[in-house]
Each structure stands twice: as structure tokens, then as C-alpha cells.
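Can you build the whole structure from these sequences, using the hints too?
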Amino acid sequence: MEEAVVLKNITKRFPGIVANDRVNLQIQKGEIHAIVGENGAGKSTLMKILAGLYQPDEGEIYIFGKKEKIASPNKAIELKIGMVHQHFMLIDRFTVLENIILGAEKKKGIAIDKKTCRQTIKKLLDLYNFNLDLDAKLEDISVGHAQRVEIIKVLYRGADILVLDEPTAVLAPQEVDELFVNLRRLKEEGKTIIFISHKLDEVLNIADNITVLRRGKAVGTVSADSVTKEELAKMMVGKPVLMKLDKAAAEKSDVKLSLHNIVMKGNGGKNSLNGVSLEVCGGEIYGIVGVEGNGQKELAEAVIGLRQDYQGDIKVCGKPIHGLSIKQIRDSGVAFIPEDRHRQGLVLPMKVWENSILGFHRKDKFKKGMFINIKKAEEFTLNNVKEFSIMISSIHQEIEGLSGGNQQKVILSRELSQEPEVILAAQPTRGLDIGAMEFVHRQLLQKRQEGKAILLISADLEEVLSLSDRIGVIFDGEIVAEFAPEEKTLEDIGVYMLGAHRKAGESA
Amino acid sequence: MLTAELLASSLRMAVPILLTAIGAVYTERSGIVNIGLEGMMIVGSFWASVGAYFYGPFVGILFAMLAGAFLALIHSVTTVTFGVNQVVSGVALNILAYGASRFLSLVIFGKATTSHHVSGFSPIDVPILSDIPFLKLLFTDISPIVITALILVPISKYIIDNTVFGLRLRAVGENPLAADTLGINVFAMRYAGVIISGMLAGMAGAYLTMEHTGMYVEGMTQGKGYIAMAAMIFGNWTPTGTLWASLLFGFAEALSLRAGEGSIIPYQFIKMIPYLLTLAVLTGIVKKATPPAASGEPYDRSIG
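Protein sequences appear in the order of chains B and L.
Sequence positions in the first sequence follow my numbering and run 1 to 508.
Sequence positions in the second sequence follow my numbering and run 1001 to 1304.
Errors might be hidden in some of the hints.
Below, in silico cross-link-like pairs of lysine-lysine (DSS-like), each with a Cα-Cα straight-line distance of 30 Å or less [to be verified]:
id, chain 1, residue 1, chain 2, residue 2
1, B, Lys115, B, Lys67
2, L, Lys1157, B, Lys115
3, L, Lys1136, B, Lys114
4, B, Lys106, L, Lys1157
5, B, Lys107, L, Lys1271
6, B, Lys108, L, Lys1136
7, B, Lys315, B, Lys368
8, B, Lys137, L, Lys1136
Partner residues are not named here, just some residues of chain L that face chain B (Cβ under 8 Å, in silico) [to be verified]:
id, residue
9, Ile1124
10, Asp1125
11, Val1126
12, Thr1163
13, Val1164
14, Phe1165
15, Leu1167
16, Asn1175
17, Thr1181
18, Leu1182
19, Gly1183
20, Asn1185
21, Ala1188
22, Pro1291
23, Ala1293
If you're looking for bench data, these hints aren't it; they were derived computationally from the structure.
Here the structure is a predicted model, which means the values were calculated and not measured.
Virtual Cβ for every residue (Gly too), placed ideally from N, Cα, C.
This is how it looks when you write it as C-alpha cells:
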């Protein structure tokens, strides 16, 4: 069988780290080849080398048997390599058609020959059995469709080798299924697909062969038929991994957080929150799942007080908080783990100890007159560093130099140290590797044990299912279903996430 | 009050705003805010007087557009290549344009604040339109630049909506990273957008000097560059919208010119109308408008 891609001894160094260390990789033509590894294992770097975005420091690349140097993204396209990025490279205000042809327009004089473009795309859509409305604005289509646009975009440029970087991270279960149908169809037509992921179930489902990367090195390539999930996880982490969390029973107490009929206006006349009501008791984790952009962010922002422009009541331990400042809300016992730690949770150029007391710096224990009691703050930080085993060289280090996992630990240690009654955790493990993820999960479960109320908002369905006591599915700014995790299957939940139950006429 | 004469006057007042505002559409759609349009109008108005005085109106307009383009090139280098804050760069250019024009006016004409008298293009009648009774006053005896400005509206609309250049220009203004990954030269597109805006602002300056006043006068742009930006925003970043907005501003100015003497309201207040309208537009309407997503943000591949 012909080899589509062969990488020999690829090494890529960045200041301070070796992202890829003599990686060898062979990908057959017409196969779906998965590359798995934890965050920071070097998957994305390797693929960016293939896409012409990075140059390797050492090593050789062979494409369809010929030695090549991929000096630019254009060169990669020339070699028929197409990259589907994890963060879509699409323009919201453009139509689907415009997004597909951009940069590879068919011309008639200086004008775009839209008719020919449309015909070419239509042929592709028919061949691969894709369903897309070419005249829809990108901002109006679903994430799953946007991803199809990305795939068609590289096919339109004649790609034979498709690289998909974490393609399922943003999709609902049904959309993942549809994607897999599409990928298998592409494979039938002889396309080679490189599939990057850290979700092992999916990889085992879709891939023919799997290469595992660990700390920049390729630790092995295995056939998907001959390996179990546990074995793969062990290859990835280097030690056996507990796949199930131990969740002890916790004692439920009174309602600590309650939302009643929250309505918030969104863009374009649509409500971003449309009458959300829920209650979270002490000793309980309430998980919210949904496709991103269905009101999760607005919900979190309303609870912490970042947005006040809503109607309805939010009560923390029985006291209404609408109209209170963020400081007052936090003082009343709400801890906030924001979804974007770089923009909300931390001030990146500031030091670890400064970030550790951020927001609580007005508390008496950190003050000496009008000044900050630096000694106390440092002691406090050192204590946190020990308790949460945060890996840093010094508490005077700038926090932007830390890994994502350690940054998240700083936020957790700060937020949880103030004995909150309600913990609002938005995407608490996004971008973390398995080790750090486990740590965050254990912390949340411990707080549940201590009788705190936890509202968990996450795009990671598995995470919500394994942690939560109750789950609410948010769709279009509404909680459309509420149930215990064992009551529904993944497919059922997917139906709610996509709002399909409405079309079917079924009530939530 | 709503006479054909007033409308004709509105059109004349609207032309420099319209030309500059169309230019603003190009630069903004490429993602670069160009506050320096006022300065580019100033150098345009000055160099038009030099070109027209020594070599005639065609060279006048050529000089004006080159001068505007040169200033725009500086804006491109600072903002696109070096990622300088676009507002700061634009304001600096406005100050530079004012000082340089005053200095060069002293050198060339021996007077700091005015040039010698210059003559513009011979006015022409628009066929067909000038035969229609009500439009007669609007379309007889008018400057070719007025017609050029009006024709530029549909041409620009076509370029931006339907050409490869237009699609790529919009792409770098909306999502430069995405455009870059598709092999589009973000920097070249942005240079193009900014330089087109400089040329059009220069032409607007030439109109003021050659067709409106007959000489360069210091401060003759009277903030029209800023008004043009307001017109572009009011016109929702489109050439057609910009046309209507410019006509509205032109109308306000024409109104403020004639409601002068003998009125109960002091004329200073009436003179304020175009500027108050600008403020009203910028505060009240902007919320509804949708600027290009990457407007005002420098692009740096390593940050991307």
C-alpha cells in the first residue's frame, strides 16, 4: 500500500522545550489515522509542521513517496494537504460560499465567477453527500455545519490528505456521528485522514491506526482493532489511569443557589436566556450541558454579577443578589471559576502571589493599613502552592509562564480558600491534561462532600455525567430537560442538546 | 426652503465628504481605522493648489491624490507593518499635514495661510439629467469631480461586493488570521485599503481647492475628514449607505450656510448643525451598526 505521509525523525524545539522529539510516523493512503496524546504532547505542533505553519528543526517529510519541504501553508495546499483547524478559520459575516472560495476564487476578469464556484462546490457536496446551504451567513449556521464548511473548504482546494485538529471538541454527540459518517465517506473516495484527538472512545470508533504521542515522542502506533481504551490511556499517560471517578454519596442540604425565571436579552432581538429556573442544594453538583452558545456564558455571568441586565431572581443562601456588585456577591459566598482563565480568572503579567489574592486583597487579613500585607499574602500563597501541589519555581514568577493546569490550580486555590457556599465552575477543565483534570474533579467532589453547592457548566459531556448529581440541558437559553445522570443515555442527551425534541413535538 | 437650489448646494457640499467617506469604507473594511483622513484632505487641498497653479487642473488633482496616498502610505507603514495604535498614528498625521502644508505654502507661495488663485475644471452639463426640469439646476454647470464622486459609489459597491479584491479586502478586515491561513497577503490588502482611502481623501481636498474655493486656504477642510468617517459609519460601512449619509451631511451644511443672517437663532448655532449631527450619529446610531470584526486591531501572525 502506498504511504501518503511519512515523517522521519522530526524534531521541533521551542525556547525551553522540545515539542517534537525525533518523531517517526507512517500514514497509509486511504486510512483514517488518529494521533492521540495529552495536551502538550506535541500533537498540534506536529500537524502545524505538516500544514506548513512551522518548520521542523530536524527530520524529513515524505508526501506520497517524495521528499518535500513544506515551507508555507500555500506549499501544503500545493501538496494536497488540507488542515481543518480546531478553532475554525471562518468569517462569520461571509456566506458559506464566500468562506469556501476565499483565497481560491474562480475569476471572470476581476470579478468572482460565482456561478462556476457554486457548481464546483455543488459537485463536491453531492460526491461526499454533504448537506450545506451555500447562501446562509456563517453566523447563522450550527457549529457542526461550520465544521463541514471547513472540510469542504480544503476539499475545494483539492486536498487529498485532511488533517483534523480536535474536530469533535465542539460538537454534540449527534454531530459527532454525522462527522464520522462524512469522514468514512471521504475515506471511501480514497482520501487520507489524520485525526487528532484526546478522546479515546472516538478514536477507537473512527480510526484504522492510532499513533500515541507522549511528551513530544511517538511512543507507538497500534491498530484500532487490537487495543483497548485502558491500554491507550496507559500509553498516553505512561501509567495506568483510573477511568472512573470514585464518587461517594454526599448529604444534600438546603437550597443554596436558586435561579428563578431568568430572562436576558441577547443580540438580534433573541433572548440569550429565556426563563431559566434551577436550584442547587448544598452537597450537590448540578451540571449544565449544551452546545456552546446556548446561554451558558450568560448564565454564569448573571450569577456572578458580571451582567445585571436580566429579569428574574437569583438567590444565594436565600438572599437575592440582583443588583449587588460583583464584590458583594463574592462576599456573600460565591466562588467563580471562569471559563476563560486568561481573560477572566487571572492577570497574566502579574505574579503568582498577586494572582492568588486577587479579588480578596481588600480582606483584612491581607491588609496593613492602606497597603497590602505582602508577607501575609506570600504566606497564604505558599500554603496554597503546597496544598494544591502547584508546580512553580517561585511565587514571584509571572503567572503567564505557568502551564494551563497550574494556572487553573492557582484559581482553584484562591477561590476555594475563601470558604464559599456556592461554587460556579465554568469549563473548569478546558485545555487541561488528564492529570490536572483529575485534580480539579477531585477538588470539586471534595467540596461537594463538605456540603457546598456546585453549579458546573461544561462542554465536556463525560465530565458532567461523571461528576453531577443532577443535569440540566440548556438549549436556546432554556433548561429543556433535567434528570439524574443515570436516567438518560448519551443519545437522549444529544437530542436535547440539539433541540431536536422540539421538532419531534416531544415535551421536555 | 426645499428648493432645487438648496439641493444643488447640498450636493456640492456633500461631494468632499462623499469622496473621503468612500475611501474610509475601503480602509475600514480592510481593518484599519484611518483618523488621518482629515490630514489627507488637507495635503490634498494644498497640493492641488500647487499642481493646478503651475500645470493646470489635471496635474492639480494628480498631485492631490499622490499627496494623500503618500500620507496614507505612512499610516500603513506605522499601523500595518509596525502595529502602532491606529488612532494615534492618524492623529499624528493630521498634525503633520497641517504643519507641513503651512510650511510649504510659505515656501511656494510666500504666504502661510493661502495659495494664489487657481482655476479648476470647466463645468459640464450632464446629458439627459440636465434636461429634466426639476433636476436641471442639480446637473447643469457642475464639476466633473462631482460626477466622478457619484460614479464611484456604484463602482465601489461592485468592487467590494463582487470582485476577488473586494472579497479579500473584506476578509482581512473580518478575520485576518483566517485570511492568512488561506494564503491571502493580509499586509498587502491592508496597504491597498489604506492607500485607496488616502487617494480619495486627496481628491476630496482637490475638489475643495479647485472647484469650491478657487484657492487653498488653511483650515478649509473644517473637519470634513471626521465628518466623512461619521458618514461612513452612518452608512454602515457600505458605499451606497455612505452616499445617503454624505448627502444628509451636505444638506445640513447647505442649510447652515443659508440660514445665516436675520434669523432669531445666532448663526453660530446654525453653523453647528453638521457637527451636532455628526455627534448624534456617532452616539446614537453606532450601536446598531456593525463594523468589520477586526477593525482597529493590528494583525501579528505570532499572536494571531
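Results for each hint:
1. The hinted pair formed by Lys115(B) and Lys67(B) fails the criterion: a straight-line CA distance of about 38 Å is larger than 30 Å.
2. Between Lys1157(L) and Lys115(B), the direct Cα distance comes to roughly 19 Å. Compliance with the 30 Å bound is thereby established for this hinted pair.
3. Taking the CA atoms of Lys1136(L) and Lys114(B), the gap is about 40 Å. The hint is violated against a cut of 30 Å.
4. The hinted pair formed by Lys106(B) and Lys1157(L) meets the criterion: a straight-line CA distance of about 20 Å does not exceed 30 Å.
5. With a CA separation close to 49 Å, the supplied pair Lys107(B) and Lys1271(L) exceeds the 30 Å bound.
6. Proposed proximity of Lys108(B) and Lys1136(L) is contradicted: the alpha carbons are some 39 Å apart, above 30 Å.
7. This hinted pair does not check out: Lys315(B) and Lys368(B) have alpha carbons roughly 34 Å apart, beyond 30 Å.
8. In summary, the hint linking Lys137(B) to Lys1136(L) is not supported, as the alpha carbons are separated by about 43 Å, beyond the 30 Å threshold.
9. Hint on Ile1124(L) is violated. Least Cβ distance to chain B is approximately 29 Å, over the 8 Å limit.
10. At a threshold of 8 Å, the smallest CB-CB gap from Asp1125(L) to chain B is about 32 Å, leaving the interface hint violated.
11. Interface hint at Val1126(L): violated, since its Cβ lies 27 Å from the closest Cβ of chain B, which is beyond the 8 Å cut-off.
12. Given the 8 Å rule on beta carbons, the hint for Thr1163(L) holds: about 5 Å separates it from the nearest Cβ of chain B.
13. Contact between Val1164(L) and chain B, as hinted, is supported at the beta carbon level, the nearest pair being about 5 Å apart and thus within 8 Å.
14. Interface restraint check for Phe1165(L): the shortest CB-CB distance to chain B comes to about 7 Å, inside 8 Å, so the restraint holds.
15. Look at Leu1167(L): its Cβ gets to within about 6 Å of chain B, closer than 8 Å, so that hint holds up.
16. Contact between Asn1175(L) and chain B, as hinted, is supported at the beta carbon level, the nearest pair being about 5 Å apart and thus within 8 Å.
17. With a least beta-carbon distance of about 5 Å to chain B, the hint placing Thr1181(L) at the interface is held under the 8 Å criterion.
18. Hint status for Leu1182(L) relative to chain B: holds, with the closest Cβ pair at about 3 Å, below 8 Å.
19. A cut of 8 Å between beta carbons decides the hint on Gly1183(L): the least distance to chain B is about 5 Å, and the hint holds.
20. Hint status for Asn1185(L) relative to chain B: violated, with the closest Cβ pair at about 10 Å, above 8 Å.
21. Hint on Ala1188(L) is violated. Least Cβ distance to chain B is approximately 13 Å, over the 8 Å limit.
22. Annotation: interface hint on Pro1291(L) violated; nearest CB of chain B at approximately 10 Å, more than 8 Å.
23. The closest approach between the C-beta of Ala1293(L) and any C-beta of chain B is roughly 7 Å, which is under the 8 Å cut-off, so the hint is satisfied.
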